[in-house]
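As given, the protein sequences belong to chains A and B, one line each in that order. Residue numbers 678 to 1079, in our numbering, belong to the letters of the first sequence in order. Residue numbers 8 to 73, in our numbering, belong to the letters of the second sequence in order.
Take the hints with a grain of salt, since some may be wrong.
Quick list of in silico lysine-lysine cross-link-like pairs, BS3-like style, CA-CA up to 30 Å [unchecked claim]:
#1 B:Lys56 - B:Lys42
#2 A:Lys701 - A:Lys1074
#3 A:Lys945 - B:Lys56
#4 A:Lys701 - A:Lys1078
#5 A:Lys1078 - A:Lys945
#6 A:Lys836 - B:Lys42
No wet-lab data here; the hints were simulated from the structure.
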Amino acid sequence: MTDTQKPVTDITTDYDIFAPDFIKNPYPGYTEIRESQCPIAHTERYEGSWLPTRYDDVVAIAQEYETFTSRQILVMPPAAGRSEGPYAAVGAPPITSDPPDHHWHRRLILPVFAPQAVAQYEPGTRDLCNALIDEFIDKGVADAASDYAQHIPVRVISKMLGVPLTMEDEFTDWVRGALENITDAERRIKSFRSIVEYFIGEVQSRAANPREDDFITQLMNTEVEGKKVPIEYVLGVCNLMLVAGIDTTWSAIGSCMWHMAQHPEHRKQLRENPDLWPTAVEELLRVYAPVTMARIVDHDIEFQGCPMKAGDRVLMAFPAANRDPRQFENPDEVILDRQNNRHVAFGSGIHRCAGSNLARLELRVALQTWLERIPEFELIDPSSVTWAGGQVHGPRKCMVKF
Amino acid sequence: MNMKVLLDYDSCHGHQMCAIAAPEVFGSDEIGNAKVLITGEIPAALHVKVRRAESNCPERAITIIE
Ligand code: HEM
Ligand code: SF4
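Can you build the whole structure from these sequences, using the hints too?
As structure tokens, this is what we get:
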């Protein structure tokens, strides 16, 4: 039997983040662990990992980058063969980088993600949301996940990178292969190689025919200490743009659509009081934080009574931290004007999401555009909604009628 | 009551929660980290917003002095 098929006996010693119930709705499991004697659970499944669930513990781990390193950041060990072959040196900087290199790996890309820089993508994002809605508005039914949410971030990122929109289906497939079907090692490797090979082509075409003002060209021309950045860095950042920017954001948009379909009172509240949008977006990100990241323990330590060994994997369950009642009042409730919200949907510390301003913009515009054009809608059958989980949590099929 | 804000720039990792809570007082620099827009006395009308900025910063990079 594989690790996913064995029934879980005790969630604090044998959790399975890929168990079908956990994928669908991980929150009761997080709560059970958080309120137990062992708020940092452990499992032997998938070569073993620790699962802290309290806000303070998750944040402490994210802050302690010397003890909890980013040598690996996925919730599963690397697929066999990942460290072989010609692309073994291509990572996903800055997310896979540790200091000291992390600093320049991150610093170089930050300016393109500053709030004032991402604002230029708002009109284009609104247009593409409208175009998607045009496709189904007359039908009275749509899949809010696969007809809507899924198409938004991939198109925004393609535009940002300066690559053709016709790659949408391939990008989506590769990203799902890298993050969602993570128990399928062969598909993971294939997806990774496809991404790298695609961007090698893009880099070569720019080397032959330089373009102006295009993200990949800018990266290729960036210098650090008088030298052009290595090609592995350029390819790694492009890889990261896909894997960090697409599945994450579409999962967040999808979860928010699923929420709005079931909460007419929140749709009304936003319609009557548009000033709520900024806090509403943060609150939805808190409650439906899609991303869990991992760290590798550098040296043997005892952390909160847990004997962690060098090489152990620790899962930073940001979705669990964001619902810790020690940090948030009524944590399972969506309060669109919540005043104190130090949520960590985007992580914490030196690796905190560089793309958060873009993600927020996409989420807000996607919801606003839908709610303007389709103010009233509901789930067709709540039990037919399907979910992805583990690394990234969000709905994959979510039929609504209007 | 007088109020000033202090930003610990080394702890700031650009969440921009401060700018969402109090855009009059916090902005963004060229890499998306916080920039304090009012370095002197904060007008009384903005005190509530500034407190909210402080209580929404995940890195606890903002200190209010009063
Ligand atoms: C709602 C959508 C998103 C969520 C919830 C999210 C979440 C996260 C989280 C939790 C991290 C921290 C990783 C760690 O600590 O190891 C992270 C890092 C990162 N994210 Fe996002 N992300 C989202 C969207 C995006 C987008 C749209 C982009 C850009 C296109 C992006 C780019 C990045 C980058 C570059 C990093 C690495 C930063 C570093 O290591 O210094 N993300 N993201
Ligand atoms: S909320 Fe805190 S970490 Fe974020 S930009 Fe403001 S001061 Fe910096």
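Report the numbers of all earlier hints that the structure fails to satisfy, in ascending order. When the structure is compared with the hints, none of them turns out to be violated.
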